[in-house]
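The residues making up each chain are set out below.
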Amino acid sequence: MLKYILKRLLALIPVLLAVSVLVFLMVHMMPGDPAIALAGGEATEEELENIRASYGLDKSLPEQYFTYMNKILHGDLGTSYRTQRPVAQELLIRYPNTMKLACSAIVIAVVGGAGIGILSATKRYTIFDNASMLTALVGISIPEFYLGLMLMLIFCVRLDLLPISGGTGPINMILPAITLSFKPLAQIARMTRSSMLEVMGQDYILAARAQGFSRAKVIFGHALRNSMNTIVTISGIQFGALMGGATIAEKVFGWPGLGDLLITAIRGRDFPVVQSTILAIATCYVLINLGIDILYALINPKIRLG
Amino acid sequence: MASLIEIKNLKKYYQVPAGTLHAVDDVSFSIGERETVGLVGESGCGKSTIGRTILRLVPHTSGQVFYQGEDILTYSPRQMIKLRRELQIIFQDPYSCLDPRKTIGQIIAEPLVINRKDLSRRQINELVLDLMERGGVSARLYNSYPHELDGGRRQRVGIIRALSLNPKFIVCDEPVSSLDVSIQAQILNLLQTLQESMGLTYLFISHDLSVVRHVSNRVMVMYLGQVMELCEAKELFKNPLHPYTQALLSAVPIAEYRETPRKRILLKGDVPSPINPKPGCRFADRCNYAQELCHVQSPEMRTVSPGHQVCCHFCE
Chain Y
1007 MLKYILKRLL ALIPVLLAVS VLVFLMVHMM PGDPAIALAG GEATEEELEN IRASYGLDKS
1067 LPEQYFTYMN KILHGDLGTS YRTQRPVAQE LLIRYPNTMK LACSAIVIAV VGGAGIGILS
1127 ATKRYTIFDN ASMLTALVGI SIPEFYLGLM LMLIFCVRLD LLPISGGTGP INMILPAITL
1187 SFKPLAQIAR MTRSSMLEVM GQDYILAARA QGFSRAKVIF GHALRNSMNT IVTISGIQFG
1247 ALMGGATIAE KVFGWPGLGD LLITAIRGRD FPVVQSTILA IATCYVLINL GIDILYALIN
1307 PKIRLG
Chain F
109 MASLIEIKNL KKYYQVPAGT LHAVDDVSFS IGERETVGLV GESGCGKSTI GRTILRLVPH
169 TSGQVFYQGE DILTYSPRQM IKLRRELQII FQDPYSCLDP RKTIGQIIAE PLVINRKDLS
229 RRQINELVLD LMERGGVSAR LYNSYPHELD GGRRQRVGII RALSLNPKFI VCDEPVSSLD
289 VSIQAQILNL LQTLQESMGL TYLFISHDLS VVRHVSNRVM VMYLGQVMEL CEAKELFKNP
349 LHPYTQALLS AVPIAEYRET PRKRILLKGD VPSPINPKPG CRFADRCNYA QELCHVQSPE
409 MRTVSPGHQV CCHFCE
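Chains as they are written, first to last, in the numbering used here: chain Y, 1007 to 1312; chain F, 109 to 424.
For reference, chain Y alone in the conformation it holds in the complex (with noise of 0.2 Å):
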């Protein structure tokens, strides 16, 4: 176990190496100049030169690729040019505030997720079963955008209940924790139910009721565990998209998390921010796939790590 672990974690390695390429390239590439950015658009030619050649952005492509990855293996993740503060300081203040959001939207997504699936499995074709089976089919195609200004606009704004945004207390979370939620609960809901739907047409359980299993003890104690590594394969993937990918949610909420933070350096072009916080992203992601990985082996005697 040790020593698979061990192993890939060396292999993140090289997948964060391709990523740091990539990543490095592609805001190498965005339209926009970061000099000018900085300078605002009343710079001459001269003030320009001058803020390149303090960032070194004069330099070569492989140059500058170098250089970030060197300052990067030493600890430093760069500084921002807008704030000229450490982009490891802002990561430090930033993600806690998304992994905050990012649990407790998984949190709703697999409880309520896995409940309606296990609810509209055992009840299959029935009203409570379509019912919730068409809302997850909403709820997968509609806009976070779209499903958070709803919300806001009723509950702020109609019921006035809640604070539209500002804050990082449990209060402020409600709103945009449960926009998010939305699209992973209903993904897991249809997963889970057709998942619970597969084991149940299985010969075990049927032996299982033959053996005098109250209804009850057959879905959780054999059903449920059977359908489990659906469930966590899928809550995994879409905890993943949630730690990097809360951007929309977070600017429409004013959340002041990772994506909100992307954002504001993609519009600045401020490259070792975006740089840092994508590569932070990735291999976040990357660590959560390993721990699913390894949650799979526990639950299921037919992988053995190695």
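Calculated from the structure, these hints are not laboratory results. Because the structure is a prediction, the values reported are computed rather than measured. It cannot be assumed that every hint is accurate.
[Claimed, not checked] Distance windows between CB atoms, simulated:
{"id": "1", "chain 1": "Y", "residue 1": "Asn1136", "chain 2": "F", "residue 2": "Lys371", "range": "54 to 60 Å"}
{"id": "2", "chain 1": "Y", "residue 1": "Ala1024", "chain 2": "F", "residue 2": "Ala126", "range": "52 to 58 Å"}
{"id": "3", "chain 1": "Y", "residue 1": "Tyr1152", "chain 2": "F", "residue 2": "Ile383", "range": "42 to 48 Å"}
{"id": "4", "chain 1": "F", "residue 1": "Ser246", "chain 2": "Y", "residue 2": "Lys1223", "range": "25 to 31 Å"}
{"id": "5", "chain 1": "F", "residue 1": "Gly307", "chain 2": "Y", "residue 2": "Thr1141", "range": "33 to 39 Å"}
{"id": "6", "chain 1": "F", "residue 1": "Ala126", "chain 2": "Y", "residue 2": "Leu1012", "range": "55 to 61 Å"}
{"id": "7", "chain 1": "Y", "residue 1": "Gly1121", "chain 2": "F", "residue 2": "Arg248", "range": "39 to 45 Å"}
[What the hints assert, rightly or not] According to the in silico footprint, chain Y covers these stretches of chain F (three or more CB under 8 Å from chain Y):
{"id": "8", "stretch": "156-168"}
{"id": "9", "stretch": "196-204"}
[Unchecked claim] Derived DMTMM-like pairs (lysine to aspartate or glutamate); straight-line CA-CA distance at most 20 Å:
{"id": "10", "chain 1": "Y", "residue 1": "Lys1308", "chain 2": "F", "residue 2": "Glu256"}
{"id": "11", "chain 1": "F", "residue 1": "Lys190", "chain 2": "F", "residue 2": "Asp179"}
{"id": "12", "chain 1": "Y", "residue 1": "Lys1308", "chain 2": "F", "residue 2": "Asp258"}
Don't be surprised by glycine CBs; every beta carbon is placed ideally from N, CA and C.
Here the structure of chain Y is known, so what remains is to put chain F in place on it, guided by the hints.
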């Protein structure tokens, strides 16, 4: 022979978009204590559905199932759970009948854990090991998972699990169909040995006539949800009366050389759909002897000689 189970006018219909699917249509028979009744028929003729309906694993449409004189189809879920230990089932597919997340030991212990609250953990363990030995599964597989075993061993585990509660009646739902021939013989012998030592009663479902002939006291031939013929196994193979049975038997491959090849009775066409069946005899469309009456009126089950029942207007 006193009958342990008596099935009366059992029906199981499924509502499907195209109409009503008659999976089991008005089936009556009884199984004596320590008897093995073989149930043969083509795929989809309702064999498995009968087995599952008797055990109430699928809800019935109408009819009665008497077990030791009581109609168990009227039992409450609670009464049924109590009764489950006496009625068990062995499945066809040894790959899907065992929970892949549980070890062999856990699988066999499970029925004991929920039904025998009087036993301690250790007693259950001893019982499991004892059962494994009787069922021919090595004790070293106690902590193995189903996927680590081959088909034959898995089927043994399925049988042991069914036996762990000391049942009286077992539905063997094609227990050897998915095993290769040498393993089939082992499993059949195991089932017979266990029947003798534990006094079991079997409903043995199969589509393999030679297997049924080998294990059954009586044989029931089904076609499209109805029983066509029911009699002693020897009698059936010696003197089949129903045209469908005759055609089935003529199709059994026999490994011997003959100067003159056996006469094969060939049936025309396919099995008709069990959805909204036409009136008249189910077999009429494919029967070589069918007459006008057969297409109009459904034949009743008739006793033509002691212990020999046929569902045909004309068989004598």
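Against the structure, the hints come out as follows:
At about 56 Å, the CB distance of Asn1136 of chain Y to Lys371 of chain F agrees with the hint of 54 to 60 Å. A hinted range of 52 to 58 Å holds for the C-beta pair Ala1024 of chain Y and Ala126 of chain F, which are about 55 Å apart. Between Tyr1152 of chain Y and Ile383 of chain F the Cβ separation comes to about 46 Å, which falls inside the hinted range of 42 to 48 Å. In this structure the supplied range 25 to 31 Å holds for Ser246 of chain F paired with Lys1223 of chain Y, their Cβ-Cβ distance being about 30 Å.
Roughly 55 Å separates the CB atoms of Gly307 of chain F and Thr1141 of chain Y, a value that falls outside the hinted 33 to 39 Å. Separation of Ala126 of chain F from Leu1012 of chain Y is about 59 Å and conforms to the stated range, judged on CB atoms against 55 to 61 Å. In this structure, Gly1121 of chain Y and Arg248 of chain F meet the distance hint of 39 to 45 Å, their C-beta atoms being roughly 41 Å apart. Check result for the stretch 156-168 of chain F against chain Y: holds, 3 residues qualifying (beta carbon to beta carbon below 8 Å, three or more required).
Check result for the stretch 196-204 of chain F against chain Y: holds, 6 residues qualifying (beta carbon to beta carbon below 8 Å, three or more required). A distance of roughly 9 Å separates the Cα atoms of Lys1308 of chain Y and Glu256 of chain F; the hinted pair therefore holds under the 20 Å criterion. Restraint check: the Cα-Cα separation between Lys190 of chain F and Asp179 of chain F comes to about 15 Å, which is no more than 20 Å; the hinted pair holds. Among the hinted pairs, Lys1308 of chain Y with Asp258 of chain F is consistent with the structure: their alpha-carbon atoms are about 15 Å apart, no more than 20 Å.
The earlier numbered hint that this structure contradicts is number 5, and it is the only one.
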